[in-house]
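Colleague: If you read the protein sequences in the order shown, they are chains E and Z. Residue 251 in the working numbering sits at position 253 of the first sequence; the count goes up by one each step and never skips. Residue 130 in the working numbering sits at position 119 of the second sequence; the count goes up by one each step and never skips.
Read the hints as simulated data drawn from the structure, not as lab findings. Every residue gets a Cβ at the ideal spot worked out from N, C-alpha and C, and that includes glycine. Some clues are possibly wrong.
[Said to hold, decoys possible] The following residues of chain Z were derived to be distant from chain E, with all beta-carbon distances above 12 Å:
1. Ile75
2. Asp195
3. Lys269
4. Pro280
[Said to hold, decoys possible] Some chain Z residues near chain E, calculated using beta-carbon distances under 10 Å:
5. Thr16
6. Gly60
7. Asp62
8. Gly80
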Amino acid sequence: MDVHGPLSDEGVVRLLTHTGERVEHPAYSRYADELDDATLRLMWREMVIVRAFDREATSLQRQGELGLWVPSLGQEAAQVGSGHALHPGDWVFPSYREHAVAYLRGVDLANLLRIFRGLEHGAWVPDEHNFHLYTLVIGSHTLHATGYAMAMDRDGLVASGDPSRDAGVVCYFGDGATSQGDTNEALIFASVNNAPVVFFCQNNQWAISEPATRQSKVPFAQRADGVGMPNVRVDGNDVIGSYAVTREAMDRARSGGGPSFIEAFTYRMGAHTTSDDPTRYRSKAEEESWAERDPIARLETYLERRGALSADYRAETTEIARTLAADVRVRTKAAGKPPTHEMFDHVFAEPHATVDADRAWFERYERSFLESEGRH
Amino acid sequence: METMTLAGAINAGLRKAMERDPKVLLMGQDIGSLGGVFRVTDGLLKDFGGDRVMDTPLAESGIIGTAIGMSMRGYRPVCEIQFDGFIFPAFNQITTQLAKMHYRSQGKITLPVVIRVPFAGGIGAVEHHSESPEALFAHTAGLRIVTPATPQDGFLMIQQAISTADPVLFLEPKARYWDKGEVDVEAPFVAEGASAAMSRARIARHGDDVTIVAYGPTVRVALQAAQVCESEGVSAEVIDLRAISPLDTAAVVRSVKKTGRCIVVHEAPTPFGVGAEIAARVSEEAFYVLEAPVARVGAFHTPYPASKLEHDYLPSVDRVLDAVDRVMVH
Ligand SMILES: Cc1ncc(C[n+]2csc(CCOP(=O)(O)OP(=O)(O)O)c2C)c(N)n1
Chain E
-1 MDVHGPLSDE GVVRLLTHTG ERVEHPAYSR YADELDDATL RLMWREMVIV
49 RAFDREATSL QRQGELGLWV PSLGQEAAQV GSGHALHPGD WVFPSYREHA
99 VAYLRGVDLA NLLRIFRGLE HGAWVPDEHN FHLYTLVIGS HTLHATGYAM
149 AMDRDGLVAS GDPSRDAGVV CYFGDGATSQ GDTNEALIFA SVNNAPVVFF
199 CQNNQWAISE PATRQSKVPF AQRADGVGMP NVRVDGNDVI GSYAVTREAM
249 DRARSGGGPS FIEAFTYRMG AHTTSDDPTR YRSKAEEESW AERDPIARLE
299 TYLERRGALS ADYRAETTEI ARTLAADVRV RTKAAGKPPT HEMFDHVFAE
349 PHATVDADRA WFERYERSFL ESEGRH
Chain Z
12 METMTLAGAI NAGLRKAMER DPKVLLMGQD IGSLGGVFRV TDGLLKDFGG
62 DRVMDTPLAE SGIIGTAIGM SMRGYRPVCE IQFDGFIFPA FNQITTQLAK
112 MHYRSQGKIT LPVVIRVPFA GGIGAVEHHS ESPEALFAHT AGLRIVTPAT
162 PQDGFLMIQQ AISTADPVLF LEPKARYWDK GEVDVEAPFV AEGASAAMSR
212 ARIARHGDDV TIVAYGPTVR VALQAAQVCE SEGVSAEVID LRAISPLDTA
262 AVVRSVKKTG RCIVVHEAPT PFGVGAEIAA RVSEEAFYVL EAPVARVGAF
312 HTPYPASKLE HDYLPSVDRV LDAVDRVMVH
């Protein structure tokens, strides 16, 4: 039993227990009170939709339509809760598992699968969603988020006097990423520059096969103590708590209070990716005990008890999720190989002789086949 | 025209770029009140303030990583890495992030970041302060790599690098920082085509019998060798590449087609180096005019030695002349 380490429950903020009881917290209840039944219902719906999408993507991978899939299963509350605390002007720097945040930022989920089908590396326009591309090199984007936040501050978007204009950055990463030098450098740069950035660590307890205890002896939030950064642990399977702590931290960032660190204690209910085999390193019993703490189920219980989840709303949600999954399936299967010349596009923003020569050579090479077949 | 050192000329070029564009920022270690360990940013803190001349935490990856984030919002960070041997903590950010962002975003994100690095040896420094890592970066698509050999080029090329939309690794031959030359400081700066201009090789000396290709610190070595050649009746043409990525192959091939002989001189180790790339391109494009195999004069496949040995390690005028002898027997 991990008493004080990264797998403990120490200091965890929780506003909705795993049995669906709404409980109070002296510092955070006030943010929870902002969420009326309609909003909570919507959060539930979003979690259900993203889970359906996630399932669909897993099955597309199983059927050979995707090269790889990275499930978000089990982390929906941490993502939807925190995502709801963002304003349109805020910026998100995700890692690669933040499909629910992508959905909230309006990213077309079918398009997102183009990355995993091997059609492109970045499948949306970051500026259209204030949602940066996924970053696969663990921890690298924490610095980009920090630099971006420093630039927002320079651009007068922090404590501008008009709160509707103020903006900040949230950066998502995993427990494994906290061991990277870049993540630690990001905390330092953010701290000394008072950058408006929230570091949102989803401690899903596993970095592929390594338990969080391989990364840390203490809860991850405490890493921020070393750089003098406000930090908090939250139950990442509690959508209300995840909203509340992010709401507070983003407010602090936007109003000039500087960076914060949030550790959302959650669980990766699925495999690391579709290439992974968790039976080699964790027990069924562990998986089952966390299945009981499913983030969607607890919100559902809460809403049902309040009579806030009608049969119609449920049916409608099921229908939306089904339609989205079907659309994702059809569009994914229809997405064919991009034209070969795209390989040479955008290596540089300005002409570069070496790439131009490679492209010209390849075009000649391809043409030579047509010519030899007399098809020119 | 003004007489300036290379360090002074780069300083003047930085100043011009900062005056022209308020989005240009300097980031690095000790670049503020100290003016950089080589004083290349001397006086800029005083004139542009701490928001534009930022002393950063002592973390190279952090410098490049945050510069990437800032340039995503339209800033043009010019980062100083204090010495060549300390760029490696940032290697990941430079190669997997900075170099690839334009590509992976399909042109939606441009990162006009310049990384200034005092590089190469010859100053009697301790370990890690004399290295020539250009080939490690030249292998990476998405990075431009340039190096000025004269004060005039230092002044102009730093401005061209800053106005380029792509990331640029700007290698400053530290042993040449105090070399003086004439600089046309009043010539109007032309942003249009700047990136192409800084990548155009320069004929540093005209000749007919042998082409000596050099860049950065070895341009002076090549010129000195060419002078000796002349007294021995051999006419050497010296090409200053200026850019390693993209390489101005056409300029080299044009010269070799005239001379029929090619020698490449760099401080970096010879194996898998820029010289190997040039030898390959010359053999592909000028094979039938070659009178002799392309010769490479560079450092050995050893770590940079202790400084008392560096003059045996680095390509000297004598080693270039030895190569000239070898190619002239054919
Ligand atoms: C720098 C780097 N090293 C290794 C990997 C391979 N890798 C991909 S995901 C992963 C585990 C990441 O764990 P964590 O940060 O906890 O995030 P999670 O995947 O659990 O969301 C590893 C080792 C990588 N992508 N980048």
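Colleague: Decide, hint by hint, whether the structure agrees.
Modeller: Structure-based check of each hint:
Distance check for Ile75 of chain Z against chain E: the nearest CB is about 8 Å away, which does not clear 12 Å, and the non-interface claim fails. Non-interface call for Asp195 of chain Z relative to chain E: holds, since the shortest CB-CB distance, roughly 24 Å, exceeds 12 Å. Listed as outside the interface, Lys269 of chain Z is consistent with that label: its C-beta sits roughly 21 Å from the nearest C-beta of chain E, beyond the 12 Å cut-off. Here Pro280 of chain Z stays apart from chain E, with its beta-carbon at least about 22 Å from theirs, past the 12 Å limit.
Checking Thr16 of chain Z against chain E: minimum C-beta separation of about 30 Å lies over 10 Å; hint violated. Because the beta carbon of Gly60 of chain Z sits about 12 Å from the nearest beta carbon in chain E, more than 10 Å, this interface hint is broken. Because the closest C-beta pair between Asp62 of chain Z and chain E is about 7 Å apart, less than 10 Å, the hint holds. Of the supplied interface hints, the one on Gly80 of chain Z holds, with its beta-carbon coming within about 2 Å of a beta-carbon of chain E, less than 10 Å.
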